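K.L.:
Single-letter residue listing:
4 protein chains.
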Amino acid sequence: MTDYIHRVQYYETDQMGVVHHSNHIRWMEEARISYLDSLGIGFVTLESRGIYSPVVGVECRYRRPAHFDERIRIQVELREYKGMHLRVEYKMIRVGDDELIATGSSTHCFTNTAGKPIALSKTHPDIHEILAAAVVPAEA
Amino acid sequence: MTDYIHRVQYYETDQMGVVHHSNHIRWMEEARISYLDSLGIGFVTLESRGIYSPVVGVECRYRRPAHFDERIRIQVELREYKGMHLRVEYKMIRVGDDELIATGSSTHCFTNTAGKPIALSKTHPDIHEILAAAVVPAEA
Amino acid sequence: MTDYIHRVQYYETDQMGVVHHSNHIRWMEEARISYLDSLGIGFVTLESRGIYSPVVGVECRYRRPAHFDERIRIQVELREYKGMHLRVEYKMIRVGDDELIATGSSTHCFTNTAGKPIALSKTHPDIHEILAAAVVPAEA
Amino acid sequence: MTDYIHRVQYYETDQMGVVHHSNHIRWMEEARISYLDSLGIGFVTLESRGIYSPVVGVECRYRRPAHFDERIRIQVELREYKGMHLRVEYKMIRVGDDELIATGSSTHCFTNTAGKPIALSKTHPDIHEILAAAVVPAEA
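Chains as they are written, first to last, in this note's numbering: chain G, 2 to 141; chain F, 2 to 141; chain X, 2 to 141; chain R, 2 to 141.
These are calculated hints, taken from the structure and not from any lab test.
Since the structure is predicted, the reported quantities are computational estimates derived from the model, not experimental observations.
It cannot be assumed that every hint is accurate.
One copy or two, it doesn't matter: identical chains are merged, so the pair holds either way.
What the hints assert, rightly or not - SDA-like, lysine to any residue: derived pairs with alpha carbons at most 20 Å apart:
1) K83 / N113
2) K123 / R8
3) K92 / S49
4) K83 / R62
5) K83 / L101
6) K117 / A139
7) K92 / E60
8) K123 / V96
9) K117 / R65
10) K123 / G51
11) K92 / G58
12) K123 / E100
13) K117 / G18
14) K123 / R65
15) K92 / V45
16) K83 / T104
Produce the complete structure using the sequences and hints provided.
P.N.:
What follows is the structure, given as structure tokens:
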């Protein structure tokens, strides 16, 4: 589990006075990129090796509003990886009072730069090994 | 069912050359607002009557990439409404070749402007009636 | 002069209850793209012919706040074009009361897809002619 | 002079493969907020005392493209303050090679929460003093 801190920006608020819900989807990306960096397979590395990892699906549950200037700690866990797909889960927790702001998940496939799906186990076994080793199964 | 057309903007693309996945969440909001407008209960009306409808959850499945300058037709269906929660489903379809780009859903509650949950059936029965009548159950 | 209508989205507002100022920069792009389309040299055409037109500079003066759900009419004028640079000016006017919301301008150069500056008069004389003919000098 | 570091996010890129120019406007806001924080008069403080500081004008000159994952150091200088208006200047410099990415400025007024202009020297003399003392005149 790796934590990432996002500080809420003014331009992320809306006229309800809270963070607009589309931003949490972007925060998950920020945290996922930081997490993959920590594994040594960041986006820059992946793209330099001809790999894109487009988002196949995303979901988010909003528990409490986030506000301007708050720091949100985002916990990332790689929940599933089976060669073709990756599933990542997120917990967004406010720094200070530890309130759970939101939970989310994203699912990804892998493609070459032309957009064609690839199986990392065949095309990039070193990256495949790193991902396979990083999976944290859901608690029973 | 009401359709809304979103034209893909340049600033919605990312360096993969396709629309960044966070924008589909925003398109769902655009389409939902247009749909509620068509029912006579748009956001401006709701907020003027002291009602916010924050997003409680959102999900999106991405089927095909969307590209700059494409027109995306967004079909909106109010799938569930039970006084406290609203569930809306979306199909995003490319104009021209009718390809299904993405499907999604969003769930909403209702609050007063202080953020306290309200039951429209009690606080705003006229709006409650409009929503209850607009529900389209999922096909069997 | 060509007009473009932008409808203000909820996600464009901020906690001041008005449109966040970064969005006007995006609206200028929307209107510029629509304007170039009307000249037959839209971004898709330009990029398919190997031309990018990056923004070299931008400025915006905010006169009045814009609000959610308002329609903003954006007038575009191609003010200067001298083979290497393009200068476009914008007036953003609220539909309904004709209030001037903002004025802006953007300056652009032209590059090939590798980012190297090009002179359209030499590389793409047909596009050069269209731009040269479209210039509307500032009023005396 | 205070420096702020922004790390370029994937969702800030566009299909030219570089940061979309609207994001620099947002980075200036991030850096300005951080700068005002360092003076003890951050946005949260200002808004809690009933002060908004809307943007009256903004400009940006783009020198070199910024790319995903780069760190951009943003230097902020409060260039002018005369009771009613504030002018802030920015230099955006890539960490690593110290290349100047962009320069910009923003101009602000002060209003109460109802949007009415106020003169801080009269309404909030303590904040007025802090701003007046922070001005760094342009070099001769």
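K.L.:
Taking each numbered hint in turn, which are not upheld by the structure, reported in ascending numerical order?
P.N.:
2, 3, 5, 6, 8, 12, 14, 15, 16
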